[in-house]
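Let's have the full structure, built from the sequences with the hints guiding it.
Quick mapping for you: the protein sequence lines, in order, are chains A and B. Numbered according to our numbering, the first sequence spans residues 1 to 111. Numbered according to our numbering, the second sequence spans residues 112 to 222.
Derived from the structure by calculation, the hints contain no laboratory data. From the three backbone atoms N, C-alpha and C, an ideal C-beta is built for every residue, glycine too. A couple of the hints might just be wrong.
If you want the footprint, here are the derived chain A segments under chain B, 3+ residues with CB under 8 Å [as the list claims (entries may be wrong)]: (1) 37-50; (2) 59-71.
From the derived model, a few chain B residues whose C-beta atoms are all more than 10 Å from chain A [stated by the list, open to error]: (3) R128; (4) S160; (5) N168; (6) G171; (7) N178; (8) P193; (9) V198; (10) T219.
Straight-line C-alpha distance at most 16 Å; calculated EDC-like pairs for lysine to aspartate or glutamate [as the list claims (entries may be wrong)]: (11) K116(B) / D135(B); (12) K167(B) / D142(B); (13) K41(A) / D142(B); (14) K67(A) / D18(A); (15) K36(A) / E153(B); (16) K40(A) / D70(A); (17) K9(A) / E153(B).
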Amino acid sequence: DTAVSQTPKYLVTQMGNDKSIKCEQNLGHDTMYWYKQDSKKFLKIMFSYNNKELIINETVPNRFSPKSPDKAHLNLHINSLELGDSAVYFCASSQTRVEAFFGQGTRLTVV
Amino acid sequence: DQQVKQNSPSLSVQEGRISILNCDYTNSMFDYFLWYKKYPAEGPTFLISISSIKDKNEDGRFTVFLNKSAKHLSLHIVPSQPGDSAVYFCAASAWGNQFYFGTGTSLTVIP
Chain A
1 DTAVSQTPKY
11 LVTQMGNDKS
21 IKCEQNLGHD
31 TMYWYKQDSK
41 KFLKIMFSYN
51 NKELIINETV
61 PNRFSPKSPD
71 KAHLNLHINS
81 LELGDSAVYF
91 CASSQTRVEA
101 FFGQGTRLTV
111 V
Chain B
112 DQQVKQNSPS
122 LSVQEGRISI
132 LNCDYTNSMF
142 DYFLWYKKYP
152 AEGPTFLISI
162 SSIKDKNEDG
172 RFTVFLNKSA
182 KHLSLHIVPS
192 QPGDSAVYFC
202 AASAWGNQFY
212 FGTGTSLTVI
222 P
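Written as C-alpha cells, this is what we have:
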C-alpha cells in the first residue's frame with residue numbers, strides 16, 4: 001500500500017495544453033508538497049499545503065496551480081504548458097518537521 | 112539562491128571502503144538536516160537526519176556529522192555496499208516545514 005502515490009508516472013503532451021498531476025497520501029499527514037526536479041537534478045520546492053492552506057508559494061509561474069480537495073490530496077494543475085516545464089515532478093507529505101515522504105515522481109515531457 | 116549545496120556531483124568508492132558525502136549550507140536558521148537516497152525512476156527516500164543540537168547521529172552503517180560553525184554536514188557510509196549506489200540528497204529545514212534540497216551526489220560503489 002503506497003504511502004504517497006502520484007499519477008500519472010509519465011506524461012507526454014504538446015505545448016499549450018493544460019494537464020493535471022494527482023497526488024494522494026494515506027499517512028494522515030498535515031502538510032503536502034510539490035517539488036520540481038529539473039534537468040540539472042536540482043530538487044526545488046514549488047508549493048506546500050498545510051491543512052488546506054497554501055503556506056509556501058515559491059516563484060513559480062501562475063500557470064501552475066495546486067488544488068487540495070482534502071487533506072489527503074494535493075493535485076498540480078498546469079495551464080498552457082511550455083517546453084521548459086519538462087521535468088520530473090515529485091509530490092511529498094510530512095507530519096511534523098521531520099522527514100518528508102515522496103511519491104515516485106511524474107516525468108512530464110512537453111513536445 | 113541555492114541554500115544547500117553539494118559540490119561533488121559524483122563519487123566512486125570500492126566495496127567495503129568508506130563513502131563520504133558532503134553538504135554545505137548558507138542559512139544559519141536551518142536547524143534540522145536530512146539525507147535522502149534516490150534510485151532511478153523512484154522518489155527520494157529518507158535515510159537519516161540530525162538536529163542542530165547534535166553533532167553526530169548514527170544508524171547502522173550510516174553516520175551523519177554536523178559542523179555548525181562551518182555550516183557543513185557529511186554522510187559516512189561504512190562499509191559501502193553495491194546496493195548503496197544511488198543519488199544522495201542533502202536537505203535542510205528551518206522554522207516551518209519547508210525542506211531545501213541540494214543537487215545530489217551520485218554514489219557508485221564498485222564491487
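Do the hints match the structure? See the list:
With a threshold of 8 Å between beta carbons, the proposed coverage of the region 37-50 of chain A by chain B holds, since 8 of its residues qualify and at least three are required. With a cut-off of 8 Å between beta carbons, the region 59-71 of chain A has 0 residues touching chain B; three or more are needed, and the interface restraint is violated. Distance check for R128(B) against chain A: the nearest CB is about 25 Å away, which clears 10 Å, and the non-interface claim stands. Its closest Cβ contact with chain A, about 6 Å, brings S160(B) to no more than 10 Å, contrary to its assignment away from the interface.
The non-interface label for N168(B) is consistent with chain A: the shortest C-beta to C-beta separation is roughly 13 Å, beyond 10 Å. Separation of G171(B) from chain A is adequate, the least Cβ-Cβ distance of about 16 Å exceeding the 10 Å criterion. Interface exclusion of N178(B) from chain A stands, the closest Cβ pair being 21 Å apart, more than 10 Å. No beta-carbon of chain A is positioned within 10 Å of the beta-carbon of P193(B); the least distance is around 22 Å.
Interface exclusion of V198(B) from chain A breaks down, the closest Cβ pair being 7 Å apart, not more than 10 Å. Non-interface status of T219(B) relative to chain A is upheld: no Cβ of that chain comes within 10 Å, the nearest being about 15 Å off. For the suggested pair K116(B) and D135(B), the alpha carbons sit about 5 Å apart, so the restraint of at most 16 Å is met. This hinted pair checks out: K167(B) and D142(B) have alpha carbons roughly 14 Å apart, not beyond 16 Å.
Taking the CA atoms of K41(A) and D142(B), the gap is about 24 Å. The hint is violated against a cut of 16 Å. Distance hint between K67(A) and D18(A) is fulfilled; the C-alpha atoms sit about 14 Å from each other, no more than 16 Å. With a C-alpha separation of about 14 Å, the suggested pairing of K36(A) with E153(B) holds against the 16 Å cut-off. The hinted pair formed by K40(A) and D70(A) fails the criterion: a straight-line CA distance of about 33 Å is larger than 16 Å.
The suggested pairing of K9(A) with E153(B) holds, with an alpha-carbon distance near 10 Å, which does not exceed 16 Å.
Checked against the numbered hints above, the structure breaks hints 2, 4, 9, 13, 16 and satisfies the rest.
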